[in-house]
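Visitor: Chain residues, written in single-letter form:
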Amino acid sequence: MSNTLFSAGHTACAGCGQSLAARLVIDAAGKNTIVVNNTGCLEVFSTKFPESAWEVPWIHSLFENASAVASGVEAALKYLGTKDNINVIAQGGDGSTADIGLQALSGMLERGHDILYVCYDNEAYMNTGIQRSGLTPFSTNTTTSPIGTCSSGNLRPKKPMPEIAVAHGIPYVATASSGFPQDLQRKVKKALSIKGPKYIQIHAPCPLGWRYESNILVQVSKLAVETGLYPLVEYESGVLSAKRQIVPKPVEEYLKLQGRFKHLLKNPEELKKVQDIADNNIKKYGLKAETVQASS
Amino acid sequence: MFGPLVVKSGSSKNNKTGSWRVETKPKFLQKNCIGCKMCIAVCPEACIYGEAKNTYYCDYNYCKGCGNCAYICPKKDIEMIKEE
Amino acid sequence: MKQFLEGSHAIAEAIKLCKPGVISAYPITPQTHIVEDLAQMVSNGELKSQFVNVESEHSAASVVLGAEATGVRTYTATSSQGLFYMMEVVFNIAGLRLPIVMTDANRAISAPINIWNDQQDTISLRDAGWIQLYAEDIQEAVDLHFMAYRIAEDKSMMLPVMVCMDGFILTHGFETVDMPTQEMVDKFLPPYSPLYKLDVNDPMTLGPLVDPDGYAETRYAIQKTHEEALEFIPKVMSDFSKVSGRNYGGLVEGYQLKDAERVIIAMGSVCGTIKDVIDELRAKGKKVGLLKIVSFRPFPAQAIYEALKNVAKVAVVDRAVSLGSYAPIAADVKSAFFGKKKGPKVISSFIVGLGGRDITKHSVKEIFRLLTTKELEGEFIDLKPELLKESYE
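Protein sequence lines correspond, in order, to chains A, B and C. Just so you know, our numbering puts 43 at position 2 of the first sequence, and the rest follows in order with no gaps. Just so you know, our numbering puts 97 at position 18 of the second sequence, and the rest follows in order with no gaps. Just so you know, our numbering puts 125 at position 138 of the third sequence, and the rest follows in order with no gaps.
If we strip away everything but chain A, and leave its shape as in the complex, we get (with noise of 0.2 Å):
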């Protein structure tokens, strides 16, 4: 008895935000859907040989490539005339997509392929063993960008990729989060009921990269949202369409509870920056709840 599209059995570790997300998505999706998976932790843990946790059609090719595989599988799905009832999400981690595979990204994006990218936002390269990426936040301590007595951590804020994406001047445009999974869902649908490219934005937490116990998945995730580090928005045609509305929690709420950020406990100079970040991103997507309600 199967009730998902994404099996049990596959490797990835106990918690694991990235797998949750990666279910929700091609639960949302439907069985006609045809996958195309970048290198990764992802691709890796649900695909290794003799077993595979798909159970629609995927193809993993190279690192950098998914955007531009999909292209031509939607490409091809066009010629055999059956593009319309099929969907195609093409997707990775945050390398994949902001870094190495950015240009086969633009380039998908720019020639307005049928195709749903996501991005499942671990914050490092995970599966490397937890390097710094281009949406690695401000001040993590990585395996690349370590905290050391000349360093605390990642010196750089994380590269806008939902920004970038709404440049290329494409329909739909969100962020999610693993820890709201019906918002991730209706989200999905949503891009999928829209012709041409779409990009949505998971934030998946990763217990061992961020160093946090594996069940409060939910709890990080909410406060990432909550403290206004990572917002969920939504555009469309190019204009800021929804945001969830939240009564902002300092930024140490959310940074105590994982090792990767423990330095900037000590550390007010730094935290502060972090703060003024969260500040920035409340303000510039009008966050703040307009009446102060009690919510649980």
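Hints are computed from structural coordinates only; laboratory data are not their basis. It cannot be assumed that every hint is accurate.
[What the hints assert, rightly or not] Partner residues are not named here, just some residues of chain B that face chain A (Cβ under 10 Å, in silico):
| # | residue |
| --- | --- |
| 1 | K87 |
| 2 | C122 |
| 3 | A125 |
| 4 | N147 |
Glycine is no exception: its CB is placed at the ideal position from the N, C-alpha and C atoms.
With chain A held as given, fit chains B and C onto it using these hints.
Guide: Chains B and C only, in chain A's frame:
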């Protein structure tokens, strides 16, 4: 001549990841459950099943014991108990 | 039907007759006219393909990979730097056993940047697992494309094929070409029927992670398939000869070998020049000949051995170098004779025509002149010593 090339869909079910658990596993009390399905929504293994209230259970063949279901249940109807 | 065509345009006409469903390429001199002509054909409705204008060669190869995996015949073309940029996808395509056909307009490799013809680009990818066929003239280049699709898509093969044609010389040269009709091509080339594909009605996982427990077998399988291709390619060529009326002999083609005492082995358009020189020298009573390699991969070691085992002196002409070691074709040719009871007494290796430097009749005569009992190793022909200096001052 061809070597290993293509993998059958869903063949990961042969890999019983339940063997990974060492410390705790979820116990579904089936007492105060309201059927909200949040446990199903947050399970990365999709190994929780149930429909009506108090009918929820998990397939221990695949449960890795991550504990997210117990954490999220609004009625605290799932408890992480010690693995035998 | 015979037409006087530019090489690139002839290739585009040939591809049109093969009816690929998806075409994707990135422009690079001297391949550009091929894809421009195909774009025009699509734009005029003469060719019902999806034409995907990608942002790089890496993506061009990826697009045809994805389309072929979805069960649709595809086409791409590139050259030199473009081929190198898509190199990891090229290996990936062979590993996934996708029968893609690609034209490479042979061009030199940077640095220094040079847009003219030599064969370094495709020869450098000889390990990729693709079948590599080299054309002597435009007619052969055209015909090899039809055969390429037939060879690639056969269920016993399922290997991608690279048709290599010398950049500018064949792509921008003009020749009278006898183009088959659509009926002839349809008779020779059945529609593509994939072994497996991305299909929502029959889902499978392609491109899994294969650990040490399974990887070696995939490579062994490709190696074995190349051995089978040594038999299969001549069969396809024979079938094509029947349909077209033009004779394609097989993996290698001999010219005036019968009583030859000195033979050049070469690949590509230089063979045309060599044949002209042989005619001249034969008229003077010199016993010279040519063995043209058509299929470089799979390497026709047995065919070369059979053709040349009784020839005393062989010169191998390479339009590429394997820097730091023996010239690539020469190394393969010598290996074909090693340990055998018969074979040439001398196999001399010549490197010529790099970066588009013309191989003239004079150059070919020089090679025959240097083909003596003294074996030469990696001898550069037509080198300009005045451009060289011992130290950088």
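Visitor: Give a verdict on every hint.
Guide: Structure-based check of each hint:
1. Annotation: K87(B) was flagged as interfacial toward chain A, and the flag holds, the nearest CB pair being 7 Å apart, inside 10 Å.
2. Taking 10 Å as the C-beta contact cut-off toward chain A, the hint placing C122(B) at the interface holds, the least distance being around 8 Å.
3. For the restraint placing A125(B) at the interface with chain A, the shortest Cβ-Cβ distance is roughly 4 Å, inside the 10 Å limit, so the hint holds.
4. Interface restraint check for N147(B): the shortest CB-CB distance to chain A comes to about 5 Å, inside 10 Å, so the restraint holds.
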